[in-house]
Amino acid sequence: MTCDEAEVLLHALIDGELDAGHTRDVESHVAGCPRCAALLRDYREMSQAIAQAGVRYTAPAALRQRIEAALPQSKAAPNRRAVLRGFAMGSAVSALAATGLVAIVLRHDDVERIQSEVVSAHLRSLQAGHLTDVISTDQHTVKPWFNGKLDVAPPVIDLTAQGFTLIGGRLDYVDARALGAVVYKRRQHVINLFVAQTANTERRAARIDTVQGFNIRHWSDRGLNYWAVSDLARDELAEFGEKFEAAMRSATTG
Amino acid sequence: MPPKASDDDPDKARRFREAALPYLDDAYTLARYLLRNATDAEDAVQECYLRAFRHFDSYRGPAMKPWLFAILRNVCRAEYARRATTPTSAIEDVPESAEQTPLWHEAQETPEAQLLRRWDSDTIRRLVAALAEPFRETFVLREIQNLSYREIAEVAEVPVGTVMSRLARARAMLRSAWLAEEEQPK
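Residue numbers (the numbering used here), protein chains in the order written: chain A, 1 to 254; chain B, 255 to 440.
Everything labelled a hint here was simulated from the structure, so no lab data went into it. Errors might be hidden in some of the hints.
Unchecked claim - Residues from chain A that face chain B, not an exhaustive set, calculated with beta carbons under 8 Å:
1. Asp-15
2. Glu-17
3. Met-46
What the hints assert, rightly or not - Distance windows between CB atoms, simulated:
4. B:Glu-437 x A:Ser-47: 20 to 26 Å
5. A:Thr-252 x B:Arg-314: 39 to 45 Å
6. A:Glu-27 x B:Pro-413: 46 to 52 Å
7. A:Gln-197 x B:Arg-336: 46 to 52 Å
8. B:Arg-336 x A:Asp-158: 44 to 50 Å
9. A:Arg-66 x B:Glu-437: 43 to 49 Å
10. A:Gln-212 x B:Glu-387: 38 to 44 Å
Claimed, not checked - Derived EDC-like pairs (lysine to aspartate or glutamate); straight-line CA-CA distance at most 20 Å:
11. B:Lys-319 x A:Glu-68
12. B:Lys-266 x A:Asp-15
13. B:Lys-319 x B:Glu-437
14. B:Lys-319 x A:Asp-175
15. B:Lys-266 x B:Glu-301
16. B:Lys-266 x A:Asp-175
C-beta: ideal position from N, C-alpha, C; glycine also.
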């Protein structure tokens, strides 16, 4: 490697952008070239100095306020539409109460609404800094974290060996209730597993729906409702659910 | 199913706040370095956030910071164009302390050359601000904003190879300026 080549590539080395082969080439050139070695040392010192000196700026509070004021006012969930829809639903319920159709209509609507909320919660979680409240790949760290925060602690199962990495947990809100979200990853795909208590203790087999481009696998078992949401393909999400249920069964019987 | 989002949609505004406002200091820092003027930087960041909000429906991620920066950069370029056509602009392209910054000259290349120990933030800010525009932009995105080469390439709309050569040039110029500072007795 010539000095000209090294002079460009040593920046990529400093920045951690160089592949293994070129890293070896640059390092062996630098080992034999005092001039490039000095450059590399200087540039590294410069980078460190800049990182340590505090050369960023802080946005003035007035700027933040101007931007806030220019955006439409937002309210915390539940938003106004959800409240209005609930109100409209109330009237519909009383009007239809005698017909016997209510239960079916309501349940169907409920399923759709909750699925939509589950997807919204999933999307919120993907925004910066919202994915996990507790970050850990260790189920014995994540599970106790939920204690005292919820009526019922969601089961936290390590599925790393099965190809789904546990990355943490989070409190979330769906259907105006606090519930636990256990977060897994497969490759770059995030899976949010939402767990909520239900009065119904009978086991309900899984079904997979697609809502707004996301797959949702929903099932119930031992008084808990589960929704696994991800942009993973349907079969992979099904695999996740099956692995989780299998691990639950062996955890309780074994 | 949420209805179609409009600019009045409070849910959209909430999602936008959560996603974009955490990067306000980053955006302001970039604008300060690109425009070298505090008032212009504030205006540019405000304009950037309003544009970003209007286009938030089409935001597909994954990373919010480079997406905001690409918008901010376009706002700043419009400001450059305005300055270029405003003959009376008092601050036109004059860095905050350009007067005492010497023109770049290649420093004496001795392997033993030790860099300056006076790494105070004012000196660094002044020297970075004096870098020519495309080099300054690339340098700030890498060293102060910690973007990857690929992200910088997307923000600056140039190939990754150009990012690498600009960064090499920027660091070489900054090092020379640094060594020149050291030679000047203060």
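Outcome of the hint check:
1. Because the closest C-beta pair between Asp-15 of chain A and chain B is about 7 Å apart, less than 8 Å, the hint holds.
2. Interface restraint check: Glu-17 of chain A against chain B, minimum CB-CB distance 5 Å, threshold 8 Å, status holds.
3. Hint on Met-46 of chain A holds. Least Cβ distance to chain B is approximately 6 Å, under the 8 Å limit.
4. The hint said 20 to 26 Å for the Cβ distance between Glu-437 of chain B and Ser-47 of chain A, and at roughly 22 Å that hint holds.
5. Checked against the given bound of 39 to 45 Å, the beta carbons of Thr-252 of chain A and Arg-314 of chain B, roughly 41 Å apart, stay inside it.
6. Between Glu-27 of chain A and Pro-413 of chain B, the C-beta spacing of about 26 Å breaks the proposed range 46 to 52 Å.
7. Between Gln-197 of chain A and Arg-336 of chain B the beta carbon distance is about 59 Å. The supplied range of 46 to 52 Å is therefore violated.
8. At roughly 57 Å, the beta-carbon separation of Arg-336 of chain B and Asp-158 of chain A lies outside the given 44 to 50 Å, and the hint is violated.
9. Taken as a hint, the range 43 to 49 Å holds for the pair Arg-66 of chain A and Glu-437 of chain B, whose Cβ atoms sit roughly 44 Å apart.
10. In this structure the hint that Gln-212 of chain A and Glu-387 of chain B lie 38 to 44 Å apart at CB holds, the actual value being about 42 Å.
11. With a CA separation close to 18 Å, the supplied pair Lys-319 of chain B and Glu-68 of chain A stays within the 20 Å bound.
12. A threshold of 20 Å between alpha carbons decides the hint, and for Lys-266 of chain B with Asp-15 of chain A the separation of about 36 Å lies outside it, so the pair is violated.
13. Restraint check for Lys-319 of chain B and Glu-437 of chain B: not satisfied, since their Cα atoms lie roughly 39 Å apart, outside the 20 Å limit.
14. Annotation: proposed proximity of Lys-319 of chain B to Asp-175 of chain A is violated, straight-line Cα distance about 31 Å (limit 20 Å).
15. Of the supplied pair hints, the one linking Lys-266 of chain B and Glu-301 of chain B holds, its CA atoms being roughly 18 Å apart against a limit of 20 Å.
16. With a C-alpha separation of about 19 Å, the suggested pairing of Lys-266 of chain B with Asp-175 of chain A holds against the 20 Å cut-off.
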